[in-house]
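Fit chain V to the given chain U structure using the hints.
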Amino acid sequence: MAQTYDVIIIGGGVVGSAIARELSRYKLKIAVLEKELDVCTETSGRNSAVLHAGFNNRPGSLMAKFCVEGNLGFDRTARELDIPFKRTGKVVVGFDEEDLAGLKALKDQGDRNGCPDLELIDHNRIKELAPFIDGEFALYSPMTGILNTFIYTIALAENAHQNGVDYFFDREVTSIARTGQSMTGIHRVSPEYEIQTKYGMSPEQNSLSRTPYDHFRSRWVINSAGLNADVIARMLGNSDYTIYPCRGEYFILDRKLAPYLTMPAYPVPNAKAGGLGIHLTPTIDGTILIGPSAEYIDAKDDYASTQSVMDLLIEDGARIFPPLQANSIIRSYTGIRPKLVSKNKGGYADFVIEERNTYPQAVNLIGIESPGLTSSLPIARRVVEMIGQKEDLQSNPDFDPNRKGILCFKDQTRDIQRSLIQSNPNYGEIICRCETVTRAEILAAIRNPLGVATLSGIKVRTRAMMGRCQGGYCQTRITELLMKEKNLQPQDVLYLRNSSNMFTGRVRDI
Amino acid sequence: MTAHDVIIIGGGPAGLAAAIELKRLGVADILILEREKDPGGILRQCIHDGFGLHRFNESLSGPEYAARFIDQAKEMEIECLTNTSVLEITSGKQVTAASPQGMTTYQARAVVLAMGCRERTREAIRIPGSRLAGVYTAGVAQSYLNLKNIMIGRSAVILGSGDIGLIMARRLTLEGAQVKAVFEIQPHANGLPRNIEQCLNDFNIPLFLSHTVTNIKGRNRLEGVTVSQVDDNLRPIPGTEKDYACDTLIISVGLIPENELSEMAGVILDPRTHGPIVDENYQTTVSGIFAAGNVLQVHDLVDFVSLEAERLAMSVAGYLETDTLLSADFSKDSIKTSTKKINKPADFAPAEFIPIEADQSIAFTVPQYVSGQADFILSLRVRHPVRNCQIVLQQGDQIIRSVKLRKAIPAEMIQIPIKSGDLVSREKITAVLEYE
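Residue numbers (the numbering used here), protein chains in the order written: chain U, 995 to 1504; chain V, 198 to 633.
One chain only, chain U, in its complex shape (with noise of 0.2 Å):
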């Protein structure tokens, strides 16, 4: 039997929760179907992590307009979804006459698209504000900010479900068939999308699936598929793009250099890169970042890092950042940005947000790369916008934009945290050292209000195993208490995805 939905979003990125999270203030019945085991596992995770301010996007494109409104509607959001933000500003560096003139240029392009307090500023300004950054002149952005970005995504997504949304994990969608309109061949008859899909555990498995339904039905299907949205648009009839995927690689440096680096600091764009440049991020989490490098893949699923890449990586850091050491690398990770334009054009398209005639009800997003993370909300009231179009949107009575996170333990005063452990003795259980995370997180995480179950799901909603002993302490005992909480035997404990099984069992059977 299928379960009917009023909305179907396709995909649990940051673009997908974003609109879960605001199609959820009306009376629909909504579902998220996600491939994966958990929100925010591709692009969405796996970037710099920065608020843009919107000087980098053509004037006039839904890029700049996105960028600058989601920029400026941030410090709201972060207090409803009770998530780390700090606006830390951010320079872009330059040298010479000609890094000059694309500074002018940039500011020239931010000030058209409404970026507040753009200044292009010289070495000593940038000295004042940014003492370990070379550079001769800066454009610098004061509205500029990082934040986590598992966090933000889980934080909508969870907003989401409390207002009602269903989560489904482990469902990637093989197949959608339209039907309600052939019928009578008349096209006020609202058409309904019939979605197959597939797991990669069965239901006994998946202790995500909170039900064993792989079909679904719906007046609405919304394509937030990142990488694979070109691939879910051919099912809605729409083969017009392809997703070229851009890989990008980065360190994670230990946080006793963060004290060397106080906000963003990017070179002076190239055109026709696929990215921004390589550059220097520090994390709202009190680590830094360095990357990403670009570099046009064949699979949209190869994460692997590459020995030339991390090479340079180390190369160009340590002359940018002279702080950094081999030996102040924690951890690489890499991301795909799932880009309009192929590798010989370069550069960037604009967001793709359409609804066809041919496939009415069916909106896909496609390209939705940087700035698509600061751009998330302002993309979801668009497609808000494209649905209250058609039918009447009647507001959620119920609806609370408001939702509380994990409490960080590290990030209290030592008397906040001497009655949190007077509260709760879980808190007073270091488990993870590098981190300061106690077991109270560690247990809040296992229990999820979206019900992931991995090893990764713990590690992104608190950061153990995230330091720099990656989990060398904390790592078996995190490990004990998902199986004990979510009754696992060793073998079924995953790490990020399906068939990503830490174990074989047990040693012995005792």
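Hints are not guaranteed to be accurate.
To be verified - With a Cα cut of at most 27 Å, we get these calculated BS3-like pairs of lysine-lysine: (1) V:LYS234 with V:LYS345; (2) V:LYS234 with U:LYS1404; (3) V:LYS234 with U:LYS1480; (4) U:LYS1250 with U:LYS1080; (5) V:LYS345 with U:LYS1478; (6) U:LYS1192 with V:LYS414; (7) U:LYS1266 with U:LYS1098; (8) U:LYS1250 with V:LYS290; (9) V:LYS345 with U:LYS1480; (10) U:LYS1337 with V:LYS414; (11) U:LYS1404 with V:LYS290; (12) U:LYS1478 with V:LYS234; (13) V:LYS414 with U:LYS1294.
If you are wondering where the hints come from, they were derived from the structure by calculation, not from laboratory data.
Chain V only, in chain U's frame:
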């Protein structure tokens, strides 16, 4: 705030040995803070034998070796708070710790750093490829198998010939996994010869020197690794790649003393050892804060950890008598943070101390400087294996001590006892390795 004469951070072999010896020396008010549910440190998961040959003259398993100290500490009624994580140590020797019972700040007269070390990870050595399930450091693998009864895989490749990696090669084989090979990037093995013999040779597991893993393959669970030969600069040689199918990669590429708490207290580290710079009393650059065991320098045998901690106890007892030992006053020093690059730790020796320098063939020395007033043991490791060699200690032109060795290998720590009377001047001591 509760006050104690000595607070020991860590209830592993170093912390336990220090506590027992302190108590024996008449120091009554000792508190051990241990983050785990039980004391014993890493020994709890080392179920193989070979511990205690030096200290007890018999071969014990890790838990047995630890039990000797744990039992004695209990008998001596030494207070050990388990499940207690230290969050902060100040240069004024205030220690803040959290446990399910609450958060407490203690004032110590002396602090003993005995936090041990952690493993270097796949990320620390930057192996390219996928990040997926199936890549474990040797110690984590050991913990899963020996403490949690969890089997990590069926076919394994081991990177690094460190002792834990070798032990895990045998352990995995005994539990039915196929261990395909051990690869070591250096041209020499990093583990003890006895472990190469007993853990690899006895099980026909090949060891390839001058090889490293250059790619990690698979999407979700490890499917295989690429291994390459390396040149003299340890860079992979193109064209030498070879693929090995495996579902598990064990990383055993070294240990790093865990000194984040030490650094909070302002203790200056030696970039060679990653441990605190100490004098012959094991006193760090912060007066009244001492360090011994793997937090100070990575040892090859736990026996030497215990012995080092027992020597530290003597110093701490002496310190408590007067609340002072001759100590360097670094508070006046302009160098406040350890992020500043320290190229020659001996340069940090304050005027009243005698610095110890090592030549290029010696990786480091501990202590890094001495007052010259007490006998001490100089610990060092050579950088490369050498045969028929001699370690010569000199002050100026004068040789104060020389030790002949049939062989010296990086895997083995060399310890040279030196009497204060051996010193002939206040000039710096230089350690030189002479070999054919």
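Comparing the hints with the structure gives:
1. V:LYS234 with V:LYS345: holds, 14 Å
2. V:LYS234 with U:LYS1404: Holds: LYS234 (chain V) and LYS1404 (chain U) sit about 21 Å apart, inside 27 Å.
3. V:LYS234 with U:LYS1480: holds, 23 Å
4. U:LYS1250 with U:LYS1080: Given pair LYS1250 (chain U), LYS1080 (chain U) holds - Cα atoms ~19 Å apart, limit 27 Å.
5. V:LYS345 with U:LYS1478: It holds: about 12 Å lies between the C-alpha atoms, which stays within 27 Å.
6. U:LYS1192 with V:LYS414: holds, 26 Å
7. U:LYS1266 with U:LYS1098: Satisfied, since the Cα-Cα distance of roughly 18 Å is no more than 27 Å.
8. U:LYS1250 with V:LYS290: holds, 22 Å
9. V:LYS345 with U:LYS1480: Answer holds: LYS345 (chain V) to LYS1480 (chain U) is near 17 Å, not above 27 Å.
10. U:LYS1337 with V:LYS414: Holds - the C-alpha atoms of LYS414 (chain V) and LYS1337 (chain U) are around 26 Å apart, at most 27 Å.
11. U:LYS1404 with V:LYS290: holds, 21 Å
12. U:LYS1478 with V:LYS234: holds, 18 Å
13. V:LYS414 with U:LYS1294: Holds. LYS414 (chain V) to LYS1294 (chain U) sits at ~16 Å (cutoff 27 Å).
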